[in-house]
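Undergrad: The primary structure of each chain is shown beneath.
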Amino acid sequence: MAKQLMKGNEAIGEAAIQAGCRYFFGYPITPQNEVPEYMSRRLPEVGGVFLQAESEVAAINMVYGAAGAGARVMTSSSSPGISLKQEGISYIAGSELPCVIINIIRGGPGLGGIQPAQSDYFQATKGGGHGDYNLFVFAPASVQEMVDLIMESFDIADYYRNPVMIMGDGTLGQMMEPVEFKAIKKRDLPPKDWATTGCVGREHNIINSLALVAENLEKHNWKLQEKYKQMKENEQRWELYKTEDAELVMVAYGTTARIVKSVVNKLREQGIKAGLLRPITIFPYPEKAFALLPDSVKAFLTVEMSAGQMVQDVRLAVNGKRPVHFCGRTGGIIPTPAEITKVAMEIMGGER
Amino acid sequence: MKVVFERPSALSDKQTHYCPGCTHGIIHRLVAEAIDELDVREKTIGVASVGCSVLAYEYFNCDMQQAAHGRAPAVATGIKRVHPDKVVFTYQGDGDLASIGMAEIVHAAARGEKITTIFVNNTIYGMTGGQMAPTSLVGQKTTTSPYGRNPEHCGYPIRIAELLSTLQGAVSVARVSVHDVPNIIKAKKAIKKAFEVQLSGAGFSIVEVLSTCPTNWGKPPLEALNWLKENMIPYYPLGEYRTPEEVK
Numbered sequence: 000m001a002k003q004l005m006k007g008n009e010a011i012g013e014a015a016i017q018a019g020c021r022y023f024f025g026y027p028i029t030p031q032n033e034v035p036e037y038m039s040r041r042l043p044e045v046g047g048v049f050l051q052a053e054s055e056v057a058a059i060n061m062v063y064g065a066a067g068a069g070a071r072v073m074t075s076s077s078s079p080g081i082s083l084k085q086e087g088i089s090y091i092a093g094s095e096l097p098c099v100i101i102n103i104i105r106g107g108p109g110l111g112g113i114q115p116a117q118s119d120y121f122q123a124t125k126g127g128g129h130g131d132y133n134l135f136v137f138a139p140a141s142v143q144e145m146v147d148l149i150m151e152s153f154d155i156a157d158y159y160r161n162p163v164m165i166m167g168d169g170t171l172g173q174m175m176e177p178v179e180f181k182a183i184k185k186r187d188l189p190p191k192d193w194a195t196t197g198c199v200g201r202e203h204n205i206i207n208s209l210a211l212v213a214e215n216l217e218k219h220n221w222k223l224q225e226k227y228k229q230m231k232e233n234e235q236r237w238e239l240y241k242t243e244d245a246e247l248v249m250v251a252y253g254t255t256a257r258i259v260k261s262v263v264n265k266l267r268e269q270g271i272k273a274g275l276l277r278p279i280t281i282f283p284y285p286e287k288a289f290a291l292l293p294d295s296v297k298a299f300l301t302v303e304m305s306a307g308q309m310v311q312d313v314r315l316a317v318n319g320k321r322p323v324h325f326c327g328r329t330g331g332i333i334p335t336p337a338e339i340t341k342v343a344m345e346i347m348g349g350e351r
Numbered sequence: 000m001k002v003v004f005e006r007p008s009a010l011s012d013k014q015t016h017y018c019p020g021c022t023h024g025i026i027h028r029l030v031a032e033a034i035d036e037l038d039v040r041e042k043t044i045g046v047a048s049v050g051c052s053v054l055a056y057e058y059f060n061c062d063m064q065q066a067a068h069g070r071a072p073a074v075a076t077g078i079k080r081v082h083p084d085k086v087v088f089t090y091q092g093d094g095d096l097a098s099i100g101m102a103e104i105v106h107a108a109a110r111g112e113k114i115t116t117i118f119v120n121n122t123i124y125g126m127t128g129g130q131m132a133p134t135s136l137v138g139q140k141t142t143t144s145p146y147g148r149n150p151e152h153c154g155y156p157i158r159i160a161e162l163l164s165t166l167q168g169a170v171s172v173a174r175v176s177v178h179d180v181p182n183i184i185k186a187k188k189a190i191k192k193a194f195e196v197q198l199s200g201a202g203f204s205i206v207e208v209l210s211t212c213p214t215n216w217g218k219p220p221l222e223a224l225n226w227l228k229e230n231m232i233p234y235y236p237l238g239e240y241r242t243p244e245e246v247k
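The listed protein sequences correspond, in order, to chains B and X. The numbering of the first sequence is numbering that gives the first Met the number 0, which starts it at 0 and goes up by one. The numbering of the second sequence is numbering that gives the first Met the number 0, which starts it at 0 and goes up by one.
Pulled out of the complex, with its shape left as it was, chain B reads as follows (with noise of 0.2 Å):
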């Protein structure tokens, strides 16, 4: 298929569309809206269900119930809307049930604003809803790759039965880049024999996250933790750039990444070998990829469209071992190169 330009936020939906989503809950708010308009247009050409529900609340459960009815199934919202979805996120990842929730980020806290943030990190990564609980979360750096990992991402939902976030930010989902619609590896899946389909000739399914007995809850627990540990063994990804003799090692996702890659080849062209570690998956955290890192590194700069949260998960993959900065602008503002190449020659002990 030929490459065509596409918005961020209608790429999102195509690429759905492609990996056999055929329904969608949603709710407007900005920077996302393209989404929803998308599949209103897109999905009953394709034989699905688009719907506008009454609330991000609702669009959630909406999801919960598509998902135990064994659809593949997404909805997409921005930070306060993605904020109340977090009950319905946690009782499907209690329900184990599998499905792709769309975050473009705009800064916060509170109603916040609509520009390009990354502010909802610990929210992705580290629960969001109450309870033991993780989401496989991708944070991707251009429309591209988003498509690629939405694609793939409906797999990943259903081979582990965990609820899968593509954390964007209002950068990614408004800027036009040209993309290509390729075929995805696919995975062996087991078959959804635990769905809500009607009970013919079998036993009554039920999809829950309740379990009274204190005994039986931790039993659960255990077995989701199993999960996120595999996840860890066999889903971490990240992007190495120019890090093969770096002193100075700059740690970003997403948007923010493309921004540290030209601050890196900036750096470079004035005699400081800087690097870019980019985490493609941010749960499963990339610590893997730490280890690769050479003995030349002196220390690490972690960049970020927020106040310092990513930075925390760095300082846990160095494990003290070296120093971790933190450079970062928050509340929509997107860093400039020259800010990053200041703070990161000054670490370097300044100008060469």
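Treat the hints as calculated values from the structure; they're not laboratory data. Fair warning: there could be bad hints in the mix.
[Stated by the list, open to error] Taking lysine to aspartate or glutamate and the EDC-like style, the derived pairs with C-alpha atoms no more than 20 Å apart in a straight line are:
#1 Lys287(B) / Glu238(B)
#2 Lys191(B) / Glu41(X)
#3 Lys192(X) / Asp84(X)
#4 Lys42(X) / Glu202(B)
#5 Lys13(X) / Glu57(X)
#6 Lys191(B) / Asp157(B)
#7 Lys191(X) / Asp38(X)
#8 Lys287(B) / Glu246(B)
#9 Lys341(B) / Glu268(B)
#10 Lys191(X) / Glu41(X)
#11 Lys42(X) / Asp192(B)
#12 Lys185(B) / Asp147(B)
#13 Lys218(X) / Glu229(X)
#14 Lys13(X) / Glu202(B)
#15 Lys191(B) / Glu229(X)
[What the hints assert, rightly or not] Sample of chain X residues with no beta-carbon within 10 Å of chain B, all distances over it, derived:
#16 Thr15
#17 Thr143
#18 Cys153
#19 Asn225
#20 Trp226
This structure is a prediction, so every number in the text was calculated from the model and none was measured. No residue lacks a Cβ here, since even glycine has one placed at the ideal position from N, Cα and C.
Fit chain X to the supplied structure of chain B, relying on the hints for placement.
TA: Below, chain X alone, put in the same frame as chain B:
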């Protein structure tokens, strides 16, 4: 030997956790009988809510999903949109439906979602120990209205059947009671009709069932049935509020 009475196949062979004298058991049975008589058990997907009926998924012998508090109509919507050929019902209490789940039930009804809601109104939060519900009567003493519900302070009880019958998508709205045998028979008819309306594809159907909570009302079962008759029915009149015939 001729079998004269047996458990409907749509009920599981399980002991329920309901308190002695609670009318949930009767209502469960009526729903199960309706499912059996319509021969739809294998194509029915039920949604249990949060409250006393939270464990309904254990008792109904059809596919079931358990929903977050108040969200059963949204969950049912998701199921029905995936399986339009299946029978989908929610079973919700008054705290779940008339308080925290008001948005979901109103919008499911407004959309004419082809599902059936069994709404059990006993004017109290039973599972959590007897707190005031949006349907608690004026003057009713509960653990959070110890001096009796005062409308100056917390308003008047909500009449769900009347409220939903203003919506075009709610094609079948009825209120029944289970305080005596003649009314139980009427309730059964209304529940069966609500499922038939769903099967016909006409739109959203709901049956509000007036029910007792002897434990949290602090009354013996028989006295509770009498309290329902004398106090609830005058405020919550029984009858059909909307039928598919009227809608046409």
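Undergrad: Quick one: which hint numbers does this structure break? Sort them smallest to largest.
TA: 15
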